[in-house]
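Peer 1: Please dock the two separately framed chains into a single complex, following the hints provided.
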Amino acid sequence: MRSTKGERTFYLFNYVLLTLAGILCLLPLLHLASLSLSGKNAVLSGFVSLWPQEITFESYQLLFEGTPILRSLGNSMLITVVGVALSMIVTICAAYPLARREFYGRRWISLAIVFTMLFTGGLIPTYLVVSSLGLVNNYGSLWLPALVSTYNMLIMRSFFENIPEELVEAARIDGSGEWRLLLRIVLPLSLPVLATIGLFYAVYYWNSFFNVMIYINSPEKLNLTVLIQQMVRSQSVLQEINAMDTQQVSNITPEGIKAAGIMVMILPMLVVYPLLQKYFVKGVTLGAIKG
Amino acid sequence: MKANPAKNVRLGERTASSGGERRFWHTQRFKTNRPLWLMFLPVVAFYLVFKYAPMAGLVIAFKNYTFYEGVWGSQWVGFDNFQMLFTQAQSLQIIRNTLLLSVLSVVIGFPFPIMLAIMLNEVRRKWFQKTVQTLVYLPHFFSWVIVGGLVVTIFAQSGLVNAMLERLTGQPFAFLFNEGSWVAIFLGSGIWKDAGFSAIIYLAALTSIDPSLYEAASMDGAGKWKQIRHITLPGIAPTIVIMLILAMGRVMEVGFDQVYVLQNSIVSGISEVISTYIYAIGLQGGQFSLTAALGLFESLVAFVLVLLTNAVARRFGKGLW
Numbered sequence: 001m002r003s004t005k006g007e008r009t010f011y012l013f014n015y016v017l018l019t020l021a022g023i024l025c026l027l028p029l030l031h032l033a034s035l036s037l038s039g040k041n042a043v044l045s046g047f048v049s050l051w052p053q054e055i056t057f058e059s060y061q062l063l064f065e066g067t068p069i070l071r072s073l074g075n076s077m078l079i080t081v082v083g084v085a086l087s088m089i090v091t092i093c094a095a096y097p098l099a100r101r102e103f104y105g106r107r108w109i110s111l112a113i114v115f116t117m118l119f120t121g122g123l124i125p126t127y128l129v130v131s132s133l134g135l136v137n138n139y140g141s142l143w144l145p146a147l148v149s150t151y152n153m154l155i156m157r158s159f160f161e162n163i164p165e166e167l168v169e170a171a172r173i174d175g176s177g178e179w180r181l182l183l184r185i186v187l188p189l190s191l192p193v194l195a196t197i198g199l200f201y202a203v204y205y206w207n208s209f210f211n212v213m214i215y216i217n218s219p220e221k222l223n224l225t226v227l228i229q230q231m232v233r234s235q236s237v238l239q240e241i242n243a244m245d246t247q248q249v250s251n252i253t254p255e256g257i258k259a260a261g262i263m264v265m266i267l268p269m270l271v272v273y274p275l276l277q278k279y280f281v282k283g284v285t286l287g288a289i290k291g
Numbered sequence: 001m002k003a004n005p006a007k008n009v010r011l012g013e014r015t016a017s018s019g020g021e022r023r024f025w026h027t028q029r030f031k032t033n034r035p036l037w038l039m040f041l042p043v044v045a046f047y048l049v050f051k052y053a054p055m056a057g058l059v060i061a062f063k064n065y066t067f068y069e070g071v072w073g074s075q076w077v078g079f080d081n082f083q084m085l086f087t088q089a090q091s092l093q094i095i096r097n098t099l100l101l102s103v104l105s106v107v108i109g110f111p112f113p114i115m116l117a118i119m120l121n122e123v124r125r126k127w128f129q130k131t132v133q134t135l136v137y138l139p140h141f142f143s144w145v146i147v148g149g150l151v152v153t154i155f156a157q158s159g160l161v162n163a164m165l166e167r168l169t170g171q172p173f174a175f176l177f178n179e180g181s182w183v184a185i186f187l188g189s190g191i192w193k194d195a196g197f198s199a200i201i202y203l204a205a206l207t208s209i210d211p212s213l214y215e216a217a218s219m220d221g222a223g224k225w226k227q228i229r230h231i232t233l234p235g236i237a238p239t240i241v242i243m244l245i246l247a248m249g250r251v252m253e254v255g256f257d258q259v260y261v262l263q264n265s266i267v268s269g270i271s272e273v274i275s276t277y278i279y280a281i282g283l284q285g286g287q288f289s290l291t292a293a294l295g296l297f298e299s300l301v302a303f304v305l306v307l308l309t310n311a312v313a314r315r316f317g318k319g320l321w
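Sequence lines, in order, name chains A and B.
Mapping the first sequence onto UniProt numbering, position 192 (from 1) lands on 192, and the numbers just tick up by one.
Mapping the second sequence onto UniProt numbering, position 23 (from 1) lands on 23, and the numbers just tick up by one.
Just chain B, same shape as in the assembly (with noise of 0.2 Å):
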């Protein structure tokens, strides 16, 4: 190991005089790299397999996949897929559930890390700042079928709430059955897991802000709220805004796991949305090419979207790229 250095600056210094092509074969650049794209041959053949071709694999929307044929030996049908899609009073209404829950899950999402990241930026005491971010960041880390597990178990009929809704009113009330309350609990379970994680980025944001604004603010006069509004507000708008182009390109997501461990057969005509619909009618139904189509025009309305907004946020100076 001790003989190489020498050597490199020997290579550099001949090369530096010597011809193109050689140049380039013998540089400090070229055999910096050479070891790093060997290392980076694995990433490159896991982004070919597994992403772009799936990409490539989105032909089958506009074909007729069967197993036998293959993706590359099905007919192409043009855009029947499509119109089966925008035509079929099911589809149409899976698209506007899909947008519906997740229209709703961002727009009364969206606040509750902001606020939580601003309160627990104002806690002067160490040790209750610790322990509530401690409790409010534990939730992100469970999978959606142990939050789907205590949901169910704490709405079910004999469950904590109906018991103590008995006790208050006399009755129970079917909180998992009834379209209006499922919503609620739907959006509720989606605050209660991921509102506490998504406070960090807030939370870092917060510290960025000057110090001595606020000093000066409370010279002036101005109290908690007007310091909130005029100062803490206008500080973090930059990661708002970054927070907000990552959330209009999950628009058209609604998550599988969040749905399918709460959903029943009873509220299926608001709980079944794209990735509910895409496995039971394509992996289990076997219907490839129609939730092929289904999952492009989820993928093409996501993509859209994201540089819509990024467009948006671009005019006032805080675009993502």
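Chain A on its own, in the form it takes in the complex (with noise of 0.2 Å):
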């Protein structure tokens, strides 16, 4: 097809603003790795922008050794695990149900839970019941107020709906339970939208600060996000491996400490996120379109 001079002009705009888009969501990443990576010479000049500058890894050898980061990406990394795996198991017992057509007050719980996403107690209540139970300092507090996320569970519902329920009816026929159904047909059937629902659950937990902050209050309970921003925020843990640095030799400044800091929690993200990016696309259009 032929296109006009003022086509030609629309698609290098296009393709320029979208480069540059691109590019706008790269930069601060590489300058926060050259950061971390850069001589301390070259950060305090300032000469560090997006390449690193007498490249050394003592930064990264200072926070390991120095912080409690190794402990923190633990308790990160159980903290996401274990709450994954709740999540998705409750989410999955409130979204198949709901996707059945036969299930007894389909319509009202729907209502009553959707209410909820409308409506909130906000934090002060929740607080107090979460103190209730006693969960204060303790994971439960994270996992079980976040057991189920409704919007989430909204879009396993309408991918559950729209399995074909010649399969569902087939099923029956030979003689299959409704636990065998859902493990041996539905599930699956829905490897894309558990993917997707199980990434959003993922980063939910590895990113969690508010309420590690409100909830645990026991320094080596926190998780990396707490700590990072602490780092970030104050200067005692900075100050700390200074009284460790006694020679005054090293070759790193609290920025650069900073940075790798915020490094080691973004690179578990950037392996993961190629690989699951396909599933959440699709996870996200679903929910778009059945609201």
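The set of hints was computed from the structure by calculation and includes no laboratory data.
Worth double-checking, as some hints may not be accurate.
[Unchecked claim] Derived contacts from chain B toward chain A, CB cut-off under 8 Å, selection only:
id : residue
1  : L104
2  : L116
3  : F256
[Unchecked claim] With a straight-line Cα cutoff of 30 Å, these simulated DSBU-like cross-link-like pairs (lysine-lysine) come out:
id : chain 1 : residue 1 : chain 2 : residue 2
4  : B       : K126      : A       : K5
5  : A       : K282      : B       : K126
6  : A       : K5        : B       : K130
7  : B       : K126      : B       : K226
8  : B       : K130      : A       : K282
A virtual CB, placed ideally from N, CA and C, is assigned to each residue, including glycine.
Peer 2: If you want it as structure tokens, here you go:
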């Protein structure tokens, strides 16, 4: 097809702007990565932009030796793995019955559940409930209140609803009970939506910040997010590092260590992200169409 | 397992002819429902304990909650907490800040995902489209702690932006310590983080537009801009309206994390919002009743806004329910 002059300018602009948008998302990460790998003199002179200067791994070395980052990394993993497992199980237990037409009270229960998306008790009453259950300073306070994200559950439900009724009927005639039907037919057919929702929950737990801050008191139970925030915000963690560095000959800066901390948080996500990208696009799309 | 179907069919036949009560307990429907309800029980417990119990707990907004007397034993005080909220200069300022930041976020942030989706949709080269999508979706998955860390590092006095600014003008600028530039950074960081991901929904809507419309318009001599205005935008209008309704529900809520990681004491006159106030005064300061009242106010306004927007949208035949 021939394109007119107007169309050609449009496409040119389009490509240029989109390239800029893509680069804009990448630049801050590159800058931080360079900071974390650069030596003291380069960082202080402000010459580190997108490429590391005087490459050194001392920031990472000090980060892992001088701060409890390994422990909080472990905590973050524990919170994420257990949290995703629990949330997935309970979310499936919510979405599957609600997707079945035979389920008694389906309509009213759906209404009652969607209502919780529109109106909430808010932070203080939720905190009182969690603390009255004795969950404070216990990872239960992170897992139990987040068992089901209603939004994720609705996405999953609409996926289950789209599984052809004939398959379900056929399985029933073959004598499958509900549990067998769910485990052998519905779930294997729903891998894209399970991957999507699993990713969403994993991101939620991995990034959890506010809940950890309000419910978890012991320093040794804190996760990576809160530790990194403390490092970025206050100097105390960094001062401890400086105190360790008695010879004062090291080649690092607070900026470099902060950047290294942020990179430690980003890297696991960068590894998983490309693998799951095709799934989450599908999942979000599905949720959007069915509402 | 193999014996079951025959039994079910036999039961079904027999119960079909017998009385009401017995028919119910033996129907296939009940047999299906028993396991379904069994698996649904934890879900009911979850919603009752963590969603509905806190709603009931909102009664402390009308009480003077003390730790020893508990939620139900505390003294009723009527609307005292609300009266205090709406007369104190501090809490009024916080409500104002919340509205200001969130309305700005919606108004300025809302068009970006739409533009991005339309632009991505016009790209013919698949590899280019995929690459840009991969990059712009990414920031959504970072926590605000990371985004805040990036922003603070880049805009700090000794950061990248100021290093370049100093080379150009010889003067650094305290971006994070000036109310105007702080709000700009707040809005910009929100767009940076979520515009890409929000575009997914519009992209999905765009694929449902009939391509023959574009061909016809092109034959009639309509340029790209005209096509976007008269075909693309009307085509995704329902999605835009739905997203707008959902955005209205969040107008009273400025996420805690975003403000918390970006704020500092110098700009607190503009950056202190309802969520950070509830955290500081309620949880840390122990004023549970006062901040529960603020939370109730926040929830109610959000609820009413969603209902109103939906009513308006329904008038145009595009309501969410």
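Peer 1: Can you list which hints this structure breaks, lowest number first?
Peer 2: 1
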